[in-house]
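Trainee: Protein sequence lines, in the order shown, are assigned to chains L and Z.
Residue 1 is where the first sequence starts when you use the working numbering, and the numbers rise one by one after that.
Residue 1 is where the second sequence starts when you use the working numbering, and the numbers rise one by one after that.
Incorrect hints may have been included.
The calculated lysine-lysine pairs, modelled on PhoX-like cross-linking and capped at a C-alpha distance of 25 Å, are [said to hold, decoys possible]:
| hint | chain 1 | residue 1 | chain 2 | residue 2 |
| --- | --- | --- | --- | --- |
| 1 | Z | K52 | L | K257 |
| 2 | Z | K64 | L | K251 |
| 3 | Z | K69 | L | K251 |
| 4 | Z | K54 | L | K272 |
| 5 | L | K251 | Z | K60 |
| 6 | Z | K69 | L | K257 |
Note that these hints are calculated values from the structure, not bench results.
Okay, here's what each chain looks like letter by letter:
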Amino acid sequence: MSSEPTVRSGGGAAAGLGSLLEFEKPLSRIQHDIAEMEREQRETGRDLSVDVRQQRARFKSTMKRLYGGLTPWETVLVARHPKRPLMPDYLRMAFRDFCELHGDRAFGDDSAIITGFARIGGHRVMVIGHNKGKDVKERIQCNFGCAHPEGYRKALRQMRTAEKYGVPVVCMIDTQGAYPGIGSEERGIAYIIAKNLMEMSRLRTPIVCVVIGEGGSGGALGIGVGDRVAMLQHSFYSVISPEGCAAILWKTAEQRKHAAEALRLTSNELLKLDIIDEIIPEPLGGAHREPEAAAANLEKFIVGALNDLKRRKTDSLVRRRQERIRNLGSFYDEPSATVTKPATRVASTRRKVPRASRLKTRLGKSDRVRS
Amino acid sequence: MLYEKEVAEALFVCPECSHHRRIDARTRIEQLVDPGSFEELYADLRPQDPLKFKDRIPYKDRIKREQSKTGELEAIVVGRGFVRGRAVMLGVMNPSFIMASMGAVVGEKVTRAIERAIEENLPLVVVTASGGARMQEGMVSLVQMAKTSAALARLDDAGGLYIVVATDPTTAGVAASFAGLGDFIIAEPKAMIGFAGPRVIANTINAELPDGFQTAEFMMEHGFVDLIVSRSNLRREIARLIDFCGK
C-alpha cells in the first residue's frame, strides 16, 4: 500500500515557545511560568532562583512522563515534527567528508534521495537517504522526500558502486512513501522498488539501514533491505500511513489514532515483531530537542554495526542477510484442527528455514549477470 | 443475451467485447494447466494475526469470513503442474480473497514456490492479482515484499526461469515486488497494473488521470510489460517462452 503524502503544518505550536506538539501542552504552561518568574526577577530584583529551579525540575519530569509513554499517534507526530533533524543534518553531524554523487544515468537527479561517499568512525561508506527538505523551497524541490523512480535508480547505482569498491552502504529512511504521480508510474516506480529489494538482498557489501523519521511503506523499504535494520526511538515504520489506513478501513481519516495503534508502527512494537534489530535511543523529548545527542547515538550504532559486519566474509554476510529476510513473517503451518495457540515469536512458528549450505551454493557466485 | 455457460467456455472472456473477467485461483489453474496435472503444495498454510489487528471488525473474523466465502485458506494457491506438457511450478493469486492482498502466508507460499522451483529446476509461473500488502498484518506484510524479492534473487542466481502473468489488478506492494521481477512479464489485456492507487495520484496532482492510465497497454507502452496475451493464448505463449529459454 502506498501512503498518501500531505503537506502538514507543525502540530499546534505554542506562540513564542517553539514548536510544541498538542500533547506537549503541559510543558508550555511550565515554560510560561518559568519565563514569568525570570521576568519578575529581572524587573523587581527578587531572587526567585529556587522556584525557577523547581519549575525546571518539573519541566524535566513532565517531559519524562510524556515521552516515557508516547502513544503510537504521538510517536507519529514526533517523527514528523517540523524541527526533527533530517538526513542532511545527520550527514553533517555524524558523518565527515561527504561527497555527493548525483543522477541515475538514465533520466535525471532526484533530490528526494541524496547519495554519496562519506566517512563515519574509521569507515568509508556510501550514504543513501531520503531528504524531506528543510524549508518550503527545498521541500517543494524534493517533493517532501517522496522519491520518483530516478531516485531509487540513483540509489541502486550507488549501491553497485559501493559493492565494486568494497564500501559498505548506509541508508537513512525518512519518507511518507514513493511519489504517487503520473511520471512516477510511467517511469516504473513499482519495478524499480522491486529491483532494489532484489539487488539489496544479494549486494556483496554490508548494508546498514536506519529509519530516522517516517518509514512510509514501499518507498521506505525501497532503500531498507540490509544486514542491520534499526529505528531511531521515536520514528515509525508502517505499511501504510495511519491516515490512509483509517480512510480505507474506517472510511474516515478521523480514526487515524486508532489506525496508528492497530498498525504497530512504533520502534518498540517492531522490535517485538522481529522486523527490526535495534532501537537507537533519542535524547529526552525527541531528537529535535538535542540533535547533536541523537546524531551521536546514530553514529555509535552505525560504527558498531559496521565494525561487526566488516569482519564477516562476503559469502557469509550475504547468506546471513538472505536468511534474515527469509525468516520474516508468521503463520500457521498445520491442518487447522490441531492448532490452538498462536506462537508469539515469529521464529517459533517458522518451519524449515532453507539450510545454510543450500543457500551458499546459490549465493556464492560473483560472476552473475546483471541487467 | 449471454449465457454463463458460454462465458465459461470462453474462459470468462466476453465473446462480444473481449473483456477479461476476474477469475478465482481454481478456475485459472483449470484453464492454465493440462487437465488433471495440478498437484497443490503447502495447502495448510493459514494466516495468523500477528498484530491482533482490529478495525471495524477484528482481522481474525475478517479472515474467517473470507475463508467461508471463498472456500480457500488464503489468497494464493501454489503447486506443480504441466502447461502443454511442460512441467512448471505455479502460483495463482485469488482476487476474491481480501483482494488477494499479501500477508505472511502469501509471502511464504510465493517464497516456497520459488525455492521449490530452484530445487526441482522448474520454470516458475506466477499469475498475479493483488491490491498490495495486507494492511491488517502491518509491517509483517510489507517485509514480504523483501522476502519474495530476495528469494527471486536466488532463483536468478541459479539461472531459473520466472514468468509473471499480471492480471487485473496487479498493484502496490505486489507490483513492487515479485510481480515486477519476472524475466518475462505477460499481461492480460486491459488489466490494471500500477503502484499507487489512482485516487491517491489524482488527489496528489489535483488533476484527472489520462484515459488508459495504469493499464497493461500503458505499462507496455512505457516499457514494463513484455507482451499482452489474451486468455485463450496464454498456455501457448507460456509454453513458447519456456521452449525459447531451453527449460
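Trainee: Now tell me if each hint is right for this structure.
Mentor: Okay, the hints, checked on the actual structure:
1. Taken as a hint, the Z/K52 and L/K257 pair is honoured in the structure, with Cα atoms around 16 Å apart against an allowance of 25 Å.
2. Simply put, Z/K64 and L/K251 have alpha-carbon atoms about 22 Å apart, close enough for the 25 Å limit, and the pair holds.
3. For the proposed pair Z/K69 and L/K251, the alpha carbon gap of about 23 Å is at most 25 Å, so the pair holds.
4. A C-alpha spacing of about 19 Å is found between Z/K54 and L/K272, which places the hinted pair at or below 25 Å, so the restraint holds.
5. This hinted pair checks out: L/K251 and Z/K60 have alpha carbons roughly 20 Å apart, not beyond 25 Å.
6. Restraint check for Z/K69 and L/K257: the C-alpha separation of about 31 Å exceeds 25 Å, so the hint is violated.
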